[in-house]
Amino acid sequence: MFYLDESGTISKNKPHASNMRDVYFIICFVHTHDPEQLKKVYRRTMKKLRRTFADYFATHVRNPREPKGSELTPIMKHYFISELIQKTDITVSYVVIDNRHVKDVFRENDARTFNFFVKYLLQLKELDARDQEHLHLNIDNRNVSLMNMHQLEEYLATELVLTEKVRHVQVEYLDSRDSYGVRTADLFANLLYQRLRYRRNPFPDYHLQDRIRKKSPIHPASLEWVFQQFKASGRLQNYFYIPTQKN
Numbered sequence: 000m001f002y003l004d005e006s007g008t009i010s011k012n013k014p015h016a017s018n019m020r021d022v023y024f025i026i027c028f029v030h031t032h033d034p035e036q037l038k039k040v041y042r043r044t045m046k047k048l049r050r051t052f053a054d055y056f057a058t059h060v061r062n063p064r065e066p067k068g069s070e071l072t073p074i075m076k077h078y079f080i081s082e083l084i085q086k087t088d089i090t091v092s093y094v095v096i097d098n099r100h101v102k103d104v105f106r107e108n109d110a111r112t113f114n115f116f117v118k119y120l121l122q123l124k125e126l127d128a129r130d131q132e133h134l135h136l137n138i139d140n141r142n143v144s145l146m147n148m149h150q151l152e153e154y155l156a157t158e159l160v161l162t163e164k165v166r167h168v169q170v171e172y173l174d175s176r177d178s179y180g181v182r183t184a185d186l187f188a189n190l191l192y193q194r195l196r197y198r199r200n201p202f203p204d205y206h207l208q209d210r211i212r213k214k215s216p217i218h219p220a221s222l223e224w225v226f227q228q229f230k231a232s233g234r235l236q237n238y239f240y241i242p243t244q245k246n
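Residue numbering for the sequence shown follows numbering that gives the first Met the number 0, starting at 0 and increasing by one per position.
FYI, nobody ran anything at the bench for these hints, they're computed from the structure.
Since the structure is predicted, the reported quantities are computational estimates derived from the model, not experimental observations.
Hints are not guaranteed to be accurate.
[Claimed, not checked] Dumping the calculated PhoX-like pairs for lysine-lysine here, alpha-carbon to alpha-carbon at most 20 Å:
hint: 1; residue 1: 13; residue 2: 47
hint: 2; residue 1: 230; residue 2: 124
hint: 3; residue 1: 67; residue 2: 124
hint: 4; residue 1: 11; residue 2: 102
hint: 5; residue 1: 46; residue 2: 86
hint: 6; residue 1: 39; residue 2: 86
hint: 7; residue 1: 38; residue 2: 67
hint: 8; residue 1: 118; residue 2: 102
hint: 9; residue 1: 67; residue 2: 13
hint: 10; residue 1: 164; residue 2: 118
hint: 11; residue 1: 67; residue 2: 46
hint: 12; residue 1: 67; residue 2: 47
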């Protein structure tokens, strides 16, 4: 079972070099065979963060019961991800589209482009036996218009079932309020997006210290550090950059 969320946008025009906000569009895939365990760990971890950082949640989080990944600081993201790694079976894959270099045809229709890159990763990804038998995708319903809600399922059935990659495809669109898997995908999508967006800039309120910089160019409370810690866990399975480039 996969949970999908996206971060960034597919720019209608080539973004200006100085506008990093519009450069990247990311589709994040979180995989699990135990969504109930994921739900338990998510709820327990978020409860502890709300208790530990009560003042922060009261002043910086719009809805403390359902915080967005963008509202959590790097150190909160790190704790959350560490708990997920230790106590769940999740793995993560993602696709990054660089709006500065992507072909213009991908800018013409957001839904079509989203569907294409979901298929692109799934075609290249090695699926286990259960996913081959029944490929189940759960997607944040903010990511698609109602008129296109069945389009992806039909598209994947054509591309993956007829080529015998999988036997059956099911696509569901869920409200993040009701899906801890979707919230988890939001957490990782935001980490991946902000890591790229702020790569050349210090993250707000986190500055390099001389004693740390001498040992490592990566600040221990930076998004890059959080990403590298997650990557070292072995739970990052597949990632693709469009156009192709180094991670």
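Against the structure, the hints:
1. 13 - 47: At roughly 42 Å apart (the allowed maximum being 20 Å), residue 47 and residue 13 break the hint.
2. 230 - 124: 17 Å, holds
3. 67 - 124: Cα-Cα ~28 Å, so violated.
4. 11 - 102: Holds, because 11 Å separates the two Cα atoms, which is no more than 20 Å.
5. 46 - 86: 16 Å, holds
6. 39 - 86: Cα-Cα ~10 Å, so holds.
7. 38 - 67: Holds, at roughly 16 Å.
8. 118 - 102: 18 Å, holds
9. 67 - 13: 28 Å, violated
10. 164 - 118: The hint holds at about 11 Å.
11. 67 - 46: 14 Å, holds
12. 67 - 47: Judged against 20 Å, a Cα distance of about 16 Å means the pair holds.
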